[in-house]
Amino acid sequence: MNNKELISNVASKMNLPKNEVKYLLEAFTETFRNQLKEDNSIGFQGFGSFEIRKKEERLSVHPLTKVRTMIPPKLVVSFKQSSVLKDKLNVKF
Amino acid sequence: MSNAKLSASEIVDLMVKNRMITKKSAEEFVKVFFSVIEDALKDGETVKIKGLGTFKSQWNEARKSVNVNTGEEIVIDGYYKAVFIPENDLRELINEPFSHLEPVELNPLSDNLPEQMQDDAEEDEPENFSEPLEPLRVFGEQAEEIKELLSEINSFSTPKVRSNDTVKENESSQLPDPDEKTEEEITLENTPMDKPESVSEVAEIISAPETLHTPEHTGNKEAEFNFDGFDIVREISTRFGLPAGAAAVALINEESDQLPAEAESETESNISEVLPEEIPENTVAAEKHEIDDREAEDDNDDDEKQEKFEEIDDDDETDENEADDETDEESDEDEADDETDEDEQLIPEDDTEAEDGDDNDEDTDETVVELPEVVTQTDEEAAETIEADNTAAKEKSVEPLVAVKNARTVTDKKKIVSTSSSHKRRRHYHVEEKKKRPVWLYTLLGIAALGLVFFGAFYFVKNILDKQKDAMYMEYLADSTVRALNTKEVLDSMTPAGDSIATTDTVAVKATDESVQTVISEAPAAGNIFDAPRNYTELITTEKMVAGSQLTKFARKYYGHPHFWVYIYEANREAIKDPNNVPLGINIKIPKLDARLADPASRECLNYALKLQSEYLK
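Protein sequence lines correspond, in order, to chains D and W. Here our numbering is used: the first residue of the first sequence is 2, the next is one more, and so on. Here our numbering is used: the first residue of the second sequence is 77, the next is one more, and so on.
Hints are not guaranteed to be accurate.
Derived pair list, reagent style DSSO-like, types lysine-lysine, alpha-carbon separation capped at 27 angstroms [what the hints assert, rightly or not]:
hint: 1; chain 1: W; residue 1: 629; chain 2: W; residue 2: 687
hint: 2; chain 1: D; residue 1: 23; chain 2: W; residue 2: 99
hint: 3; chain 1: W; residue 1: 124; chain 2: D; residue 2: 55
No wet-lab data here; the hints were simulated from the structure.
Isolated chain W (complex conformation) (with noise of 0.2 angstroms):
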């Protein structure tokens, strides 16, 4: 039966057929129906069927339009239109076949999230860690540059020093694990594990070239070990015509607990008879052993190229560090009378390489601490991309630890060569000291002010409000011992039958007629009236006290302020002893009071009010 066509006629059938009905009626009743309909259409009625919905005829406005055919513009006038409007039962019963469905808001990112992903990945190589070939890709881009970079380098230097780190280059870009050794080197070396190694093992690895550092730092050869060191760098950036720096990066994973190690130490017998000692530490978590010889390869080019000394970039910043700095700087101005400039300059980095291989030491489960010193440019762009590299790979695992070590190289002996760089060096030291202090202290700093401003501020209207209550206070006195005057006066005249108590402590006291303590005495109050002595000889009316009365109700109805009970209670002196305790069956009298002395719009007689409230609560 479906989609079929009713006639008026077929609907009278199936009303026959399911009622019981005369198809006479039926007929006669939708014809009625329908012109009932109609007419009231025609008056402009609504008709409002239930279980159907509403008939109305609606105006429709004249339009403008265009004949399809001619082309001519004509008008439609405007004309009434009867539109139906299904009830809501009706609709939802005609929508059950979809009535289970419901608006569904669309997020516009869910569809284009991941094309927009491989977007940022291809732009932003740092942030694209998520995925794990884009990191490799970023590391292997950054290793072409630091290989051109190299060359460059190179063509500045010896023939055979030239050939020395080519050697090494080739061996470090073909070995994933950066193992080094030459004929001319005498390596202690510890290369970084496939699987990963234990923390004992890892801790052995580091005590091998810690010992090598903690002469240096403590004894007498310090100042050799300085000396000699730095004229190796010294030496090596004259003939790279630039300074060099390297950098190596170790990434720490905390939990995993996997912490293969570097430790090499290599002797070289070259041209400058330079017995260089590379420390590069790699702590990596298994899973990400790919990425992490990756970085190896860049630490050892940035090695080799560079065959130095080192800035330490600091990712995490902790109090270690900082420390270290504020140490090495001290060491260095102590130092600087016993020693010549370039020991003197070479100290902070000696010790700071010392103190970081203790701090190795300590922390190998936890943290690698890393000391920042940014020697030159070329130095600071590979930290930076470093950096960038240790922060993806920080927010990629859950919680590593980035850490960016050196590459030091300690020699036996040296002569130094020149003493220029090594005051660039210095000061170069100092400013990224400077710089990297203020970032704390200025934040305590800020902070201590505004702690110092809020306390003054609060304390300052603290005594600004004091100062106000006090002014109150002394105009207070100056106006009761006015009034001690006149209040005396009036005494005479006075009965004290009937007088509040409070109205009798002030007579007591302006009695005494002491200026000093009638300002003690709290009972004649600011304002004219409140001064005067109340006589409640004139009654409104009385009240007697029921179950659930209450002085402030009465206070309420008659002065308009709840507040005001007080002078009910006053009145009513002799028959309440506790105004919190009212005996229930008494006739509350509620006494006639001046219109000045119960107002309910004026602080004043609220304040008075509530002072005397304070005063019969006790």
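Only chain D is shown next, with the shape it has when bound in the complex (with noise of 0.2 angstroms):
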């Protein structure tokens, strides 16, 4: 499912037209990646949450060269799922 399809999607399911959708969820994107950006942790009831972490700077060996390579740290969107869609994600087994 595409960015168009999810629209039409949430559209047909609010009775809104498509054009205020979009723009419904250009609204909520900018939202979500500033709250993001500001190192919020951000957490839908039913859904998941999603927040920031910090991976270490790592030193990894190549195993064939024996190069050693320092990663520096970085910044990543983790999505933990919560336990109640995990249930109806499983619901059919």
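Using the supplied hints, reconstruct the complex from the two chains, each of which is provided in its own coordinate frame.
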């Protein structure tokens, strides 16, 4: 499902024109990104939580060439699904 | 606001604040948005959201685990897990604080390098010239060894000689400059200066010893000189219990032009009535002076210890060296008849020395030429160590020439004590000679042999090719001769009109019916189809020449290969005067060709077409 399909799906469920849904989606993503950018974690009830994690720097060694490379630290977005979502996903089985 | 935990409602509030959105619609949107994603994930779909990333459900396999409390083995069932893969855009945005950091390759050597170098320095003595202190230690150790050797040797010698040696040894070990005088010695002495000498000074110094040598080299006294010098050596060697050799190390730094030199001649009126003349020459770089002093010490130790003539070690093999060696050998042989064995055997060495002196004189600023002659094992060892040191020193300085010079002794008169050692010496000398020459001789021979083999192979291949060509040509001749007869019969029933010129040629030539001439004519070609006259009556089509048209293009189009343009040309000879310049606007007849004649897959066909082409394009 890509962006367009998502928008149309949401639009059909909300009984709103796609343009408006698109606008809402943009507003949501912008807010979402900004908050993440400010190192805030965002939790959505029943779905999961997003947070920023810092991956520490590490030393990686190429197994063949034995070249040691220092991997710098970095910040990544991590998503943890909520147990509710997990149950929903695995309800079939 | 950092590190705050936001909930959906807070997000909604922010959305409403930033955009002109009603809170209601925003709340509803968020709710629906996630429910849609949920549904999609449940169906196993992936959801891609612009500006965020991708949600997808991922199957985690069942795995075994152990209950930490009970120790029981439990199986964790496989399950679907919703995962979120952020877009690159989002990832970069989040990682902005660290975006300037790049993975750095670490060179494992760089960390340990200093340690390793030090280890090397301690393990491999000759290689640690990079550190100024190490070579000194090396030389010091060598000096120690040499002293030990010396004491051993002295134990065999007569007390007087021993005392003399001891005195010298002490002096040399105490003084950095090899500056030796004893009461019994008449010395002509130039000590190496602490300050570098100019070249002219060096030349002067060297000229002094040289004058001593010139007569012995050329004059009638040669034999006597050799005789005497050898006697001394022999005597000393017998006295010391082993043949002795002394080595002196000279470092020459060309760049600096600083050549401290030492020339010594000593006359000893000892028991042996020996008048030794020692000419160790040291040319030393100023900055290496300390090292050189150590070396000089070593040299002197050697000299005094063994007091003798000597071996010249050559690090830099120059032509001069080789030339000298050869000369020595020749003169050695020449004089073999006239002189006694002992004299004769001495000649090479003395010559070497004399010439060596000359070389030194000439080459002071350039190279000190050394002649290699290892006499004894001790000498060899000494030479080796010195060589190693020299190599080290050489590598250290930019363009240093290292020369191992010999100290030698020349006496007024003395008797021959034994001949055995001289034989030994001579044999050794020749062995050295033979060892040395083959290295470059064989290299030259090897190169020459390679060249010969190469040219041989080249001509061999060429011959084979020629033979093949000849064979093909002979075949072709035979073919055409046979065919000439056949063609003659065909000719009668054939109309000349519409034939190509080539065919006409064939006709003309064949009319003469001389097999030789037929052979020469090119028209009949190999292959059954080729010699038949071509008759372009059947046409595939006609093409109009327009700008950009080419016969070769037509040939490719209709016959499958551009080389067959020649047949088109043959079919249109009336219209085309010059195949390179076909007039525009004319209609080109594209003749129907025998498949055997224009087979793009057949090499024969192509070759024949090429042959025709070269004919038409003359």
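Evaluated hints:
For a cut-off of 27 angstroms, the pair hint linking residue 629 (chain W) to residue 687 (chain W) stands: about 19 angstroms separates their Cα positions. With a C-alpha separation of about 16 angstroms, the suggested pairing of residue 23 (chain D) with residue 99 (chain W) holds against the 27 angstroms cut-off. Only pairs whose Cα atoms come within 27 angstroms are accepted, and residue 124 (chain W) paired with residue 55 (chain D) is accepted, the gap being roughly 24 angstroms.
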